[in-house]
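K.L.:
Using the hints provided, position chain B relative to the given structure of chain A.
2 protein chains.
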Amino acid sequence: MAEHGKAKRGIPPKSDFNAWYPAIVEIAELVDKRYPIKGMDVWRPYGWKAMRCIDNLTHAEMERTDHEEVRFPLLIPESLLEKENRLVSLLKRAREEGVDPSELRDEEEEAGFKKEVYWVKHAGETDLDVPMFLRPTSETAMYTMFPLWIRSHADLPLKTYQIVNTFRYETKQTRSFIRVREIHFFEAHTAHVDEACASRQIEEDLEIVGRLMQSMSLPVIISKRPVWDTFPGAWYTIAIDVIMPNGRTLQVASCHHYKDQWAKAFDMTYQNDEGETQYCHQTTYGMSERLLGAVVGMHGDDNGLIFPPSIAPIQVVIMPVAAHKNPDVLTTVESVSETLRQSGFRVKVDSRDLRPGQKYWDWEIKGVPLRLEIGPRDVENGNAFAARRTGGKEPIPLDDISNSVQQQLSLIGDELSNRSHSHVIHCVNRLNSLDQEIVDGQIYEIAFDGTDADAELLEKTTGLAMLGEALTPYETEQVCIITGKPTTRKQHIARMY
Amino acid sequence: MAEHGKAKRGIPPKSDFNAWYPAIVEIAELVDKRYPIKGMDVWRPYGWKAMRCIDNLTHAEMERTDHEEVRFPLLIPESLLEKENRLVSLLKRAREEGVDPSELRDEEEEAGFKKEVYWVKHAGETDLDVPMFLRPTSETAMYTMFPLWIRSHADLPLKTYQIVNTFRYETKQTRSFIRVREIHFFEAHTAHVDEACASRQIEEDLEIVGRLMQSMSLPVIISKRPVWDTFPGAWYTIAIDVIMPNGRTLQVASCHHYKDQWAKAFDMTYQNDEGETQYCHQTTYGMSERLLGAVVGMHGDDNGLIFPPSIAPIQVVIMPVAAHKNPDVLTTVESVSETLRQSGFRVKVDSRDLRPGQKYWDWEIKGVPLRLEIGPRDVENGNAFAARRTGGKEPIPLDDISNSVQQQLSLIGDELSNRSHSHVIHCVNRLNSLDQEIVDGQIYEIAFDGTDADAELLEKTTGLAMLGEALTPYETEQVCIITGKPTTRKQHIARMY
Chain A
1 MAEHGKAKRG IPPKSDFNAW YPAIVEIAEL VDKRYPIKGM DVWRPYGWKA
51 MRCIDNLTHA EMERTDHEEV RFPLLIPESL LEKENRLVSL LKRAREEGVD
101 PSELRDEEEE AGFKKEVYWV KHAGETDLDV PMFLRPTSET AMYTMFPLWI
151 RSHADLPLKT YQIVNTFRYE TKQTRSFIRV REIHFFEAHT AHVDEACASR
201 QIEEDLEIVG RLMQSMSLPV IISKRPVWDT FPGAWYTIAI DVIMPNGRTL
251 QVASCHHYKD QWAKAFDMTY QNDEGETQYC HQTTYGMSER LLGAVVGMHG
301 DDNGLIFPPS IAPIQVVIMP VAAHKNPDVL TTVESVSETL RQSGFRVKVD
351 SRDLRPGQKY WDWEIKGVPL RLEIGPRDVE NGNAFAARRT GGKEPIPLDD
401 ISNSVQQQLS LIGDELSNRS HSHVIHCVNR LNSLDQEIVD GQIYEIAFDG
451 TDADAELLEK TTGLAMLGEA LTPYETEQVC IITGKPTTRK QHIARMY
Chain B
1 MAEHGKAKRG IPPKSDFNAW YPAIVEIAEL VDKRYPIKGM DVWRPYGWKA
51 MRCIDNLTHA EMERTDHEEV RFPLLIPESL LEKENRLVSL LKRAREEGVD
101 PSELRDEEEE AGFKKEVYWV KHAGETDLDV PMFLRPTSET AMYTMFPLWI
151 RSHADLPLKT YQIVNTFRYE TKQTRSFIRV REIHFFEAHT AHVDEACASR
201 QIEEDLEIVG RLMQSMSLPV IISKRPVWDT FPGAWYTIAI DVIMPNGRTL
251 QVASCHHYKD QWAKAFDMTY QNDEGETQYC HQTTYGMSER LLGAVVGMHG
301 DDNGLIFPPS IAPIQVVIMP VAAHKNPDVL TTVESVSETL RQSGFRVKVD
351 SRDLRPGQKY WDWEIKGVPL RLEIGPRDVE NGNAFAARRT GGKEPIPLDD
401 ISNSVQQQLS LIGDELSNRS HSHVIHCVNR LNSLDQEIVD GQIYEIAFDG
451 TDADAELLEK TTGLAMLGEA LTPYETEQVC IITGKPTTRK QHIARMY
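So the protein sequences, as listed, match chains A and B. Each residue of the first sequence is one higher than the one before, starting from 1 at the first, in our numbering. Each residue of the second sequence is one higher than the one before, starting from 1 at the first, in our numbering.
In isolation and in its complexed conformation, chain A is listed as follows (with noise of 0.2 Å):
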């Protein structure tokens, strides 16, 4: 702690923000990147009380919706990834054939992700018969059992939830939160009586994306992702990205549409009312600690951090004020820390021995959003002086201090709110022509109707990659950017990470 005084003239200014990011999740004392394994950071108890904050509102929605927490085992075993690799090779051969995936034959090949894996051979001196993996995501170990427990439409819809460490074995650089080859990681997996329940499935998912996102005010755009990039077994795929502070867009969350499809590879059945066998169809819903690493990287500032109250791990720090002048300063401090954690308000107070400025300094790091001073003269008063870490001071009263530092948060929740929304509206610009300027750290909106080689011709053009199409199209015909014809479908080109 002695030392965060000296570590925040260490913080990069934000606008390098390649250099301000992986500093403050160190200076922060959210993560310790010197844990011998590139890509696999040891969480220290700041960033994990933020990112158990971040589940705890996941864990809320998904009761608030009725689905059920499960716990599957990490490791799969090499032998359950047959009905997958076919699936999945044969949804890419329709989608290179152009044809429906039931005119094809099954051939068997080995999907992609194979190459991303962690592999279990050996245990302690035994060569394992069967070479397991660790989960990279759920499907083969769930879908497994999900036969087992589906048997009549009374079964359904199955909703399920799980809140683990997922493995990737990751090529490209690693950053902390963003990509990480151990992952904190969220996966709803649902099954139905059919398309249009699982369809419904994936706009409950949206609302609760809405909400998330909104209580932690991030910017996002949300896509229907291009067929070259839905996940392999999916009918189709909605991303959600949150827009950078560099203009990048990271993709926080994605929900898959898988019709019958998996269903059909692991023969999951049930028995609908008049006795008839029907497959399931099914949806998954994931997101991960890039949640977290998009809070760092939006709402921080040169200083350090801003957690939005929603999910600070400390909403509020109390300072005692020259206490020795009057006993009543700590009387106070602790009457109204104790009033606010009964409200269920997170606080701290900090007692420590030190000059007030370097306190100020360790709690703007750590962005922490409210902190309250309380001073001889306070007590007198009546008052708590409290500062916001978007910016304001005032002094509120101690004898509604519930409320008053509600309605504080309240403040910073909308004020964190108010600069996403500017920030959307700085960063996304329409582009009307490819003759236009491609700005560095923009995203552009574009009318766009053509061929994937239409696609392709625009991301060569551009320099960026096609995010996919708006859930709300245009409301009057525009002309698209490639082909000239008259659209409705708004879609979105940005810098992914």
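The set of hints was computed from the structure by calculation and includes no laboratory data. Treat the hints with caution; some may be incorrect.
[To be verified] Only some residues are given here: those of chain A computed to face chain B with a beta carbon under 10 Å: (1) Pro73; (2) Met142; (3) Ile150.
[Unchecked claim] Pairs of lysine to any residue, SDA-like flavour, derived with a Cα cap of 20 Å: (4) Lys121(B) <-> Thr171(A); (5) Lys38(B) <-> Leu128(A); (6) Lys83(B) <-> Arg34(A); (7) Lys121(B) <-> Leu128(A); (8) Lys159(B) <-> Glu116(B); (9) Lys115(A) <-> Glu97(A); (10) Lys114(A) <-> Leu81(A); (11) Lys490(A) <-> Leu457(A); (12) Lys348(A) <-> Asp155(B); (13) Lys49(A) <-> Arg64(B); (14) Lys114(A) <-> Lys121(B).
Note that the structure is a prediction, hence the values are computed from the model and not measured. The beta carbon of each residue, even a glycine, is placed where N, CA and C say it ideally should be.
P.N.:
Relative to the frame of chain A, chain B by itself:
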């Protein structure tokens, strides 16, 4: 759900514990054992929720005692093992030769647990330069990082914990929660300025264990393990064994005092007040999903599980009765459930269109502590009819429902504690002489002050294992069962899981 009635008839009598236990964990839907890796069960929602309730008790204790939660990587590079191997082999030799470890020269040797870990030697299509293993426990990972975090006495005590998945390549027969290959594990790791401070930590750990065991009404024996059963690298180990219904003991928790032994191996030092470099003294405290296994095993009966209210996933199930006869029934049920939820109880309303008897069975099997029935006459009388899973039924007033429910739950907790107490009295008997008959399912308390060879003789003669020395000795001198010498040292011998 519709199958529970049938399933119930499939529950073996609890007197046949070895048949009852594996059956009930599946019938009550705690786990599914059909996942295709032996010893790696799927946690179903009900089982996982029970485990999370136990974890929440643990989190609360950790918060109360100022431990901070961290999260370390699952994978540990083999290269980090060197220090640990040296430490363990040194201590082993010291014990074998009966000398102080500091008198021995360092010699490298392979730690035994290498034979029990899962190895990752391949990632994607790459052979890894440095093999990694899945943590069986996190000493090696953590003590690689702690020296980076500890510089001066101001950084001490360092009190950390995590709740994570750990792995052990079990070759013995696996049993849900009791002996598994992926273990849901709690581990606290602390560092202190000296041996006395570390000893106080062990005392705090034992106080925490005491509170947890009491809140789950579990009957335990606490023992300082004999030297040969001390954790590798520990100065001493204190183990907490639950007395299972069949009289076998199940170690559910253990605390290890490491003195400065690991600190020396990992060069974990700090500057004291006088600026001198000192080695830290350390402790660990571990628990696992065995806690749930103990709860299942200890409290259940011929009709299913019985959850202590402190960790019951559902504490109260409310059943509307003959709701068609009076519309007030459903509104009362709704308002009671809302009131109870607001008071923090975990509540489920069962409005399924099934015979009441069927519903009773379902919740009996799942061990819900309290059932409330509300029918037309109850509404008229302003009562709910309360039935305790531990036996006993009575009407309770609706107008003070939260307090009444709390009282009912307390009665249930007390009843379970009484049963545990009786169980201890029934199972644990004094053994005064080796001539005495050893009865199956009994645990024996003995006065013992012999050598390791005497202990071996004792174990061979009785066919039981030494749990170790009770923390509270006899108040007056007794006669050692082997040597005949006077001693106040109290020990227990039992059949261990």
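K.L.:
Against the structure shown, which of the earlier numbered hints fail to hold, in ascending order?
P.N.:
Checked against the structure, the hints that fail are numbers 3, 8, 9, while the rest are satisfied.
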